[in-house]
Structure formats: structure tokens, C-alpha cells
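Chains as they are written, first to last, in this note's numbering: chain A, 1 to 278; chain B, 1 to 314; chain C, 1 to 106.
No lab work stands behind these hints: they were computed from the structure.
Don't take every hint at face value.
Claimed, not checked - Computed list of lysine-lysine pairs in PhoX-like fashion (alpha-carbon distance at most 20 Å, straight line):
#	chain 1	residue 1	chain 2	residue 2
1	B	31	B	92
2	B	153	B	30
3	B	153	C	88
4	C	16	B	156
5	B	15	B	218
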Amino acid sequence: MSTNFETVHDLPESCQQAVYDLILAVADSKHLLGLRYGEWLGAPVLESSIAASAMAQDEFGHSRLFYSLVDDFVQAGLPQRQEVPSEYRNIEVLDQPFESWTDFVAANALVDAALLVQLEAFRNSSLMPLRRFVPKLIQEEVFHLQHAQGWMSLMTNTSEQSRSALQQAIRKIWDPILCWLGKPQSDSEKALLGAGIQDIDSDGLRTRWMEQVGPLVEQGHLDLPVSNDTITGEWILGSSLNWDGWDESFRRASKTGPDAETFAQIECFSTHSYPVGT
Amino acid sequence: MATLSDEALKQKIEKGHLIETTEEMTEGYKKALIQILLVQADTELMSAPSYYMAARSAPSMNTRLSAYAVIQDELGHAHITYQLLEDLGMDKEYLIYGRKPHEFKNPYGFDQPLETWVELVVANAYFDRAGITLLGDPFENTSYGPWKRSLVKIDKEELFHLRHGEVWMKRLCEAGGQAKEEIQRAADWMFPMGVEWFGMPDHLKRHTAQLEYKLKGKTNDELRQIWLSAVVPLSESCGIHVPAHFDEAQQEYVLDYEFPVDYDPSQKRWKFDSPVSWDQVFERWKKRGPYNEIYVKSIQKHYKDFMAMLNGGN
Amino acid sequence: MLPTTLNESQIWEALKEVEDPEMPISLVDMGMVFDVSVEGANTKIQLGLTATACPAIDFIFYDIRERLKKEGCEDIEIELVWDPPWTKERISEEGRFILSTWGLSV
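Could you put the whole structure together from the sequences, leaning on the hints where they help?
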């Protein structure tokens, strides 16, 4: 039975950095995902423009909660992140706007699923403030995946063109998202598990992710490296992940961060002179 | 179509009868209804890209969230209103994705770039006040039942936008300095834009089909007065100067400039010393403002390619 | 400062008059007020937001404080509760009726 921590101050020093890194990676990813979703006033149907805006707000709302934990870490003495693109730790595929609605659908399914399984792994977290807000976030995510599923099934059932475009869009972001769930046996994974911050290791997260995404891939007859073991029913990853250059603390391989136009939107939070608080 | 004559329909409406179906309408009624709904739907829709442009410079997560909530509401209102048009036999999909930019009927104010979060604040205070004024009227007075009912939700949500605008306008003005200067600069071009929003004065155009069919109940000047009576005191309480005041003798708000005047969209500047005719105003509106195409494109950009691909083309 | 004379049920009554800024329905009927406790002059309110992305937090806090100030409460603490999360089941019968007149079924 591991100890629970009422505040981030109570965390043992040995795991503080690893927890901070993960919280910041989730906060930044949700922030950036919100910006990306919010760009889609021009979805192919108005209902989805509305949905995209609603999902953007959910992501911002979630990031607001994660950033409040980040602030607690800074108060506990961890260094404040510098406001430069290269210090941002969002999932790499969110650095630039989605080029097409197909890219939106792919990210809606894959990125949201990754963030969801990470949230699920916090359900029994020893970090109490995190554990308290996580169920509400998970509740809100349900709609995101339904939205993605609706579009995926439309695209895989309507024409060969749309099916293969979707397949291509998913392939493009497949690896970075799977890596984002964490490097097996890394020091930070050990720290997170040891302190009971999350209750499942990175390979376990990937299995849960495949349980979300796998059925969609199978139903849509998409050619992607994931398969269902006919005997055990388990989802198995069909290719090994490329960890070259991977920085586990940033959960990224490249440190470029969001593109200039995106960063300009983020920077507004720190460069303005209005009396707005946070 | 109705077997009633136009006159008989108007009499029925005069007695307070609500029209519920197209079968009850005359050609004239339906045409006037479509016209007024299209203006509303297009206005709601085009406010979204314009507010989005401004939301990009929101100074905090909370303010960005409020801005996005407003954008989502506007898209939702557009959706409700295009649905009303579809129920009248129009093609919703074509209306949103098929028309050319200049065919959209939104006011000139939403053809302008909203460049900063401060402009969004003032737009919420001034433009959404115009929206509430224009939609509060049919909510009270319209003879078309489905429209009236749809406005319950829309008007309440617009009140949130308004409050968002007014609260931030007050806070930023209280802070003074650069924030207040920015509000003043925004008000300088947005206030006269709001005045113009309500169209021609009554002495030039009084009887319209929209009034005769009781699609709305108030004249342009009456609506403009309602708007001025909210916006002028708000601005004054913030210490923001606007070119209008309450005239004790006339017991109404009057403008401090000859209306209408010329506008230079490239400078976002009204030329108060250059009065123009309404024909010239209509010409400017018809030419459209600088962001008409950009905003329409931002809504329509991906529709064609995606649908073509979905349907098996390239 | 005089200590507030309101008891908890009076605070609940007052909060029934505070509307959700986005809907014509009170915070209480929305089921957003989770708990009210009064201790001396201090009033503590536990509030559950319908969504993490609530764009109106500012307004809600302000409206609660203004309404309770009218009753003489000055020392007001508002705490956001996420556990248990707010769900639609918390909306009152009256609230459901109002929402249904809005075309929203819950």
C-alpha cells in the first residue's frame, strides 16, 4: 500500500521531477490540442465546427487544471519553464495546424485516446489533487472519442479514397503518439510507478490505447501495425517503436516545439499588460 | 402555400396569430421571412471567424475559454437559424458552403478584421448588444412561431456575450493606461459601425414588409435608440468617449455627427467631416469589407475537397 | 464586522436566486451547489462546475458573493469540487422542466 500525497510538496524528492515532467507534458498537450481543435471553424459540416469548438474548450479546461498543478510544483521549488517554443512539451504532432479534416479525424481518435488512457492511469493516483479531478475529465472525454469514431466509420465506409486518406493520416502520427505514452523501463517510469502516481506502466498504457484504437482500425479495414491475437484476444503492436533521440522528460524526440504562429498565441499569456490574472 | 390573401394574412397576424407552417404563409410573407432569417443566420456565422481572429490574442486561459465559448454559441445560433431556413425549403448545406462571399448577408461590421482581444471585448459589448436589440424584438413581437421559440436560448446566450464584453470593458477601463487607450481606439471605429448596423433612418424608409407581416415589431430608429440607450451610458461610465449624447429637449439619444458618414476600412477610421448619402453607404456595403472573403473562406475552405474525396473523387 | 445571522438553509435559499450565467436556471437547480456550511461569520460553499471548461467561473463567483453580501455575509469561501464530479442527475425537477422548455432534454 503506497502513501497518498495531499499536495505536490509532499512528494518524495526522488520522484518530484518525473511527476512534474509528466504533468507538464499533459498540460501542454491538452493546451495545444485545444488550439488545434479550435482552428476548425471550417469543418465539412457545421455540427462538427461546433463540436470542434466544444472539444477545444474541454482541452483548455483540462489544461487549466493541469497547469494549476504545474504552478504548485513551481511553488515547491521546481524551476519555472521558460516561455520559448523549445521548452514546450506537447505531443509533437500538435506543433502545427492539421492540414486537412482527415488529419483532424486521425488526431481526434489517436491523440485523444492517448490522453484518455493516461488520465485513466491517474484514477487511483497517490497524488490526491490529481486523483480528485481526473474522473470529471474522463467523463468529458467520452464525447471526443464518439466524435472521432463517427467520422472514422464514415470515412472507412464511404469510399476507398477516404479510407486510404485516413489510413495515411493515421500512419503519419502513429509512432510519435505511441512513444508519447512513455519509454519502457525508463527512470521516470520507475519513479512514477514507485510513488503510485499512475498504476500502469507505459506498455500497459499502449495496450489500453490499442484497446481503444484497435477495434476502429479493424472495423475500418485499415492497414496499420496493430492486430488482435485470435487466441488471447489481446491487442498486439505489429512494429517496434523508434526511440532515437527520444527525451523522456519532454516526451518528444525533437525539441522544436510549436510553430511560430502557434507560439504567438501562447505567448500572449505572458506578454500582455492587462489586468486579467491567469 | 396559403389560400389566404396577403391582406387576410396580415389581419390574422394583427390579431396575434402565430404562423407555424409554410402552408399558412403567402409568397410575400415567406420571402420576407427568409430574408430576415438569412441576415440573422449569416451574421451569427460570420461573427465566429471574426471573434476567432481576435481570440487568438486572448491574454489568459480564462479569457481564451470565454472567447471560445462565445464562438461556439455563435456557431450554434447559426446552426439553429439555418435549420429554420431549411424548414422553409432552403438548402442549408448550400447556404453555408455553396454561396460566394459577397452573397452572405451579414452586416458590414463583420466584414472587418477584429485584430486584438480588446476589439473582441468591445465587439461583445457593442455588436452583441446590437444583436440582442435586433433579436429581442422578434422574440417579443414576431409572428413566426418557430423563430420566436428559437430565440429563447439564443437571446439568453447572447446576454452572456454581452456581459463578457461589458465586464471586461469596465475592468480594462478601470485599469486605465494602455488598456483603456486600446478600448477607446476600438470604440472609435466600432461605435459608428454599431450605429450604422440598424440601417436607414425611418424618415427615409418606414414601411417594410418585415414590419407589415410583424416579423419584427420595431422600426430601425426605434431599435437604434434602444441600442444607443445601452451603449452610450456604458461607454460614458467607462470614461470612453463616443460621438453621441442624450438630448434633454428631444428626450432621446442624438449623434454628434452627420449620419451617415464615409468610412476608410484600411485605416479603420470614420471620416466624420465627410457625410455621404445612403446610396453611397449601400455601395460600400455591397463592395464588402476587407475580411468578407477571408471569413467566408475560413468556413468553406475544406468542405469541397473533403466531400469530393469522401464521395470517391480526388 | 457583524457575524452573519444566516443559517445554512437561508444561504441555500439565497443561492436559489443566483442564475447560471449561461442558462435561465439557478445554480441550486443546476445541482452545482454541493455543500454549504456556516461557521461563525464564515460561509463556505462547495461548488461543482458542470464542465471543466466553464467559461463563466468569474461571473459565477462574483454573482454568489454579491448575492450573499446583500444578506450581510462578507467572509465567503467558494471551493471548487471535482470529486464527486457534477453530473446531469444532479439537476432538480424544476431545472429539468426549464431546460426542456429550452429544447434540452436531460
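Hint check:
no.	hint	verdict
1	B/31 - B/92	16 Å, holds
2	B/153 - B/30	24 Å, violated
3	B/153 - C/88	19 Å, holds
4	C/16 - B/156	18 Å, holds
5	B/15 - B/218	17 Å, holds
Checked against the numbered hints above, the structure violates only hint 2.
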